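A.B. asks: Using the hints, put the two chains back together into the complex; each one sits in its own frame.
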Amino acid sequence: MTAYEQALAEFAPVLGLETHVELGTASKMFCGCATTFGAEPNTQVCPVCLGLPGALPVVNEKAVESTIRIGLALHCTIATWCRFARKNYFYPDMPKNFQTSQYDEPLCVDGHLDVEVDGEVVRVEIERVHLEEDTGKTLHVGGATGRITGASHSLVDYNRAGIPLVEIVTRPVAGTGVRAAAVAKAYVTELRDLLRGLDVSDVRMEQGSMRCDVNTSLHRAGEPWGTRTETKNVNSLRSVERAVRSEVERQAEVLRRGERVVQETRHFSEATGATSPGRVKDDAADYRYFPEPDLVPVAPDPAWVAALRAALPAPPSVRRKQLVAQLGLSDLDAQAMVNAGVLDVVLATVEAGAPAAEARNWWLGALAQRANETGVEPAELPVTPAQVARVVALVAEGTLNAGLARQVLDGVLAGEGEPDDVVAARGLAVVSDTGALGEAVDAALAAHPDVADKVRGGKVQAVGALVGAVMRATRGQADAATVRALLLERLGVEG
Amino acid sequence: MSQITRDEVAHLARLARLALADDELDGLAQQLDVILDAVAAIGQVTDAADVPPTTHAVPVENVTRPDVVTPSLPRDVVLAGAPEAEQDRFRVPRILDEEA
Ligand SMILES: [Zn+2]
Chain A
39 MTAYEQALAE FAPVLGLETH VELGTASKMF CGCATTFGAE PNTQVCPVCL
89 GLPGALPVVN EKAVESTIRI GLALHCTIAT WCRFARKNYF YPDMPKNFQT
139 SQYDEPLCVD GHLDVEVDGE VVRVEIERVH LEEDTGKTLH VGGATGRITG
189 ASHSLVDYNR AGIPLVEIVT RPVAGTGVRA AAVAKAYVTE LRDLLRGLDV
239 SDVRMEQGSM RCDVNTSLHR AGEPWGTRTE TKNVNSLRSV ERAVRSEVER
289 QAEVLRRGER VVQETRHFSE ATGATSPGRV KDDAADYRYF PEPDLVPVAP
339 DPAWVAALRA ALPAPPSVRR KQLVAQLGLS DLDAQAMVNA GVLDVVLATV
389 EAGAPAAEAR NWWLGALAQR ANETGVEPAE LPVTPAQVAR VVALVAEGTL
439 NAGLARQVLD GVLAGEGEPD DVVAARGLAV VSDTGALGEA VDAALAAHPD
489 VADKVRGGKV QAVGALVGAV MRATRGQADA ATVRALLLER LGVEG
Chain B
1194 MSQITRDEVA HLARLARLAL ADDELDGLAQ QLDVILDAVA AIGQVTDAAD
1244 VPPTTHAVPV ENVTRPDVVT PSLPRDVVLA GAPEAEQDRF RVPRILDEEA
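Residue numbers (the working numbering), protein chains in the order written: chain A, 39 to 533; chain B, 1194 to 1293.
In short, the hints are calculated from the structure, not lab data. Predicted model, so just to flag it, every value in this text is computed and none were measured. Treat the hints with care, since some could be wrong.
From the structure, some residues in chain B lie toward chain A, with a derived Cβ separation under 7 Å [claimed, not checked]:
| hint | residue |
| --- | --- |
| 1 | 1196 |
| 2 | 1255 |
| 3 | 1257 |
| 4 | 1260 |
| 5 | 1262 |
| 6 | 1268 |
| 7 | 1269 |
| 8 | 1287 |
Note that beta-carbon positions come from the ideal geometry of N, C-alpha and C, so glycine has one too.
For reference, chain B alone in the conformation it holds in the complex (with noise of 0.2 Å):
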């Protein structure tokens, strides 16, 4: 039984900014099908135990640290990390359509 759509399936690539061509949205749509398949069995044994969901491996809570201010990295190895710099800051293409 099919679960996700081409069309959903167009969507979450828009989302996540991946330029797929026709044929890939068919296909990824029958693979995302069997894998919310595989991950749905885990639901058949949960919903009858009232099993809340788990978020976390490790049952811990409360990890801070205090506000206390520690060294940054040296700015030439920040920007050494990226694409392209300028007037010390990262520079970026223009972003269409949208305001800062």
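Chain A extracted, bound-state conformation (with noise of 0.2 Å):
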């Protein structure tokens, strides 16, 4: 019994999890900003979201019928009337001194999101969906490791504050035992794949547009619920499951040696797979909200409303089964996929226009080998269902082979931009033109005398190494079937 196993028998635990969603939108959420994803700091600023003095913040419309939608997807009721609400703090990401986010008047409120574990539906029950802003980031100066601790002083770039973000908070999810860590994953996974089906965000956890914040306590069975920590810096699926995981080990030797677990926020380390201390909550968190005076009030039409309900793209798991049966997959291929997190992607990557068995094969293979030794889910790498098709169709037409193939996805997850970019760039096509092969074949016999005569000799399996010589010399950039048919044709012998 592993250490987390022990702490499940002993204590039953109480999980809560609060998700943060930039939305996609083209602009910020109360000016005309741009939210493109690495500008050069502070290039995508004015003095609405500076908060310069006289400046008037208006609502993004797009960004409220996209929280709307999140909301109608997690069978939320949609609010018939709500404002935004000043949150009052001091911190250098935000230039204003507040936030712009709503406080009690969510725009939706009370619904759910099933997930499934083990086969096994569980109901996550959703307390209420809100709309805010982003903040900008902070680069600490000075201290060793880039953190806070040390730093001699901030630099702050405010691209990302304003940037619409949605707030999806769960009701306590309690009486899951064991699988508290498992429910955890699933849920934001399943969440993940929701908003990715809406079209809202990218929801790629890796760049922070979607981040993950996990409340967890632990009581003994018939007792009142314990203090809970909130564990913030979750930026991975699989360190949501590892944040619950080393959460519940911790509190548990807490109440074993008979001491009181403190309310605080955590910090997640995705180096060591641990929580550690963060700040005390104190009276900071006294943010003495109000009504946002330079916002009116949101009032969505229920017409609206109910056409944006009608609207609304069948749900994952609805999506998943007609795709599994219209591909044809079986059963088990389909729970191998599951299993391996990377069913969405490969029906993502099918509809992207690639073959059920080539999407399933790069995600499965190449690509679920690149995610393992970054230590990330295959499909938080940083490539898209489309790319993988791209890649695939450049493979069928002949661009490519399965070797270069393999190289242009890792120009791809390494930032160099779309598969017709890295095969432009590294210069990677297959080489088809039979006169700078033939040149290379050419090269190849004179520079083996030896194996050219063991194979007009009758050794034809020996041609094997002349084929090496040449794919070498093209840089893998040749077809290796054209190059043995050549190299035959060149010696005379039958293949």
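C.D. replies: Written as structure tokens, this is what we have:
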């Protein structure tokens, strides 16, 4: 029995998940600044998102629409009237000294999301979905690790400040027992797939467009719920699971010693898989919310909400079943892909035009291997299903062979752009020009006369060494079958 | 009748990052009492008439803009408003006891 299983044999867990999602709008929440990820620092800011005196924020209608669609997909009730509120705090990540958020009047309330764990459906209740703005990014200078500890000062980039941010808060999730960590991961995974299906966000956890805070507490059966901690900085699906496991183990230790769990914010370290204490909640959490006077109330027209509801795509669970049936995949095949966490990306790759077998082979093969090497889920790799489908198409049309295709995907993973950009920049297309190939073939024959003689003498399999020489000379860009045929033709031997 | 205590003023001052001396706390507590008394007069009218709180002077709803990108400020103009700039970013003092 692991320490985690031991802890949950002794104590009952209660979880809570708060997920922040950056919406994929073109412009910010209250101003027209662009939201492009990775832009030069402080080039996407204006008087509104800098909070300069006299600036007037105006609500982005697409952001309201996206939030309502998220609420509807989560079976929430949509407010008929609600307001934004100021959340007041002093921290340089917001130049205004407040964040425009929603307080006691969220856009969406009382929903749920069903997730499947070990073949069983667990219902996670949603308390609220509200709309706010993201904060700027701080960089701590002078400390050894880029963390705040030991830093001499901080540098702030406000490009992210003001990007529409949706916060999705669950009600406490109790009764999961030893499945707590798996339920947390399954919830975040299902939520990500649902958001992707709605096309409201690119939900890239590694880029921070989806971020998770995990609340955890333990209590003995029959006793009141324990004190909870809030673990921040959980930036991958795998980390959600690890953060719950680590916090459950730590709290169990504390309780066994007869001590009390301190209510605090803790930080998850990707490197160690453990949490460490952050700020203890004190009066700094007194945000003095009040209705934002610069914005007028939002009152979604019920007819509009009904139209948005009617136009919702099928939920991921239904879409998965439909596609699996459509593609003629066996249950076993589908289950293998579910277990590897690749079913949705495989299906999306197929929808982007790739044959099912190719899509499955890439995601379960080379890409799963790269994901494993970098410690993320395959679906979290910085490559999109559309890009994988494009590489598959390049192979089908003969521009790439399997080896080159892997190099192209590595280029995409390394941030070198779209597959076609990588092909062009790295000069990776298959050499199909028989003239150029002919020169390489002649050179190989001249360099290895002994091998050539063997082949002429009837040892046809020895041609492999010559094929290898040509492939090396063309940096893998030749088609091996073509090279073999050319060599045999030159040597006057029947393949 | 005192509605706001010295401790509450100290708490609010801390939240607003104001450094107040002890005698200032006493003085401000008295002054805030006077302000709260003045505002309480409104409650006598609205409570009786069952009037909902007003947060906007004009009854307008749903003022929105389409999701269209408009030009941002040039970066030199943006950073001209910073107390100090470094690496094209706003340079601020380190923040103690908190994690970003
Ligand atoms: Zn702006």
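A.B. asks: It remains to establish, for every hint, whether it holds in the given structure.
C.D. replies: Here is what the structure says about each hint:
About 17 Å separates the beta-carbon of residue 1196(B) from the nearest beta-carbon of chain A, more than 7 Å, and the hint is not met. With 7 Å as the threshold, the beta carbon of residue 1255(B) comes within range of chain A, its nearest partner Cβ sitting at about 6 Å, so the hint holds. Annotation: residue 1257(B) was flagged as interfacial toward chain A, and the flag holds, the nearest CB pair being 4 Å apart, inside 7 Å. For residue 1260(B), the interface hint holds, since its Cβ comes within 7 Å of a Cβ in chain A; the closest pair sits about 4 Å apart.
For residue 1262(B), the shortest C-beta to C-beta distance to chain A is roughly 5 Å, which falls under 7 Å, so the interface hint holds. At about 5 Å, the closest approach between the beta carbon of residue 1268(B) and any beta carbon in chain A falls short of 7 Å, and the interface hint on this residue holds. Given the 7 Å rule on beta carbons, the hint for residue 1269(B) is violated: about 10 Å separates it from the nearest Cβ of chain A. Interface restraint check: residue 1287(B) against chain A, minimum CB-CB distance 5 Å, threshold 7 Å, status holds.
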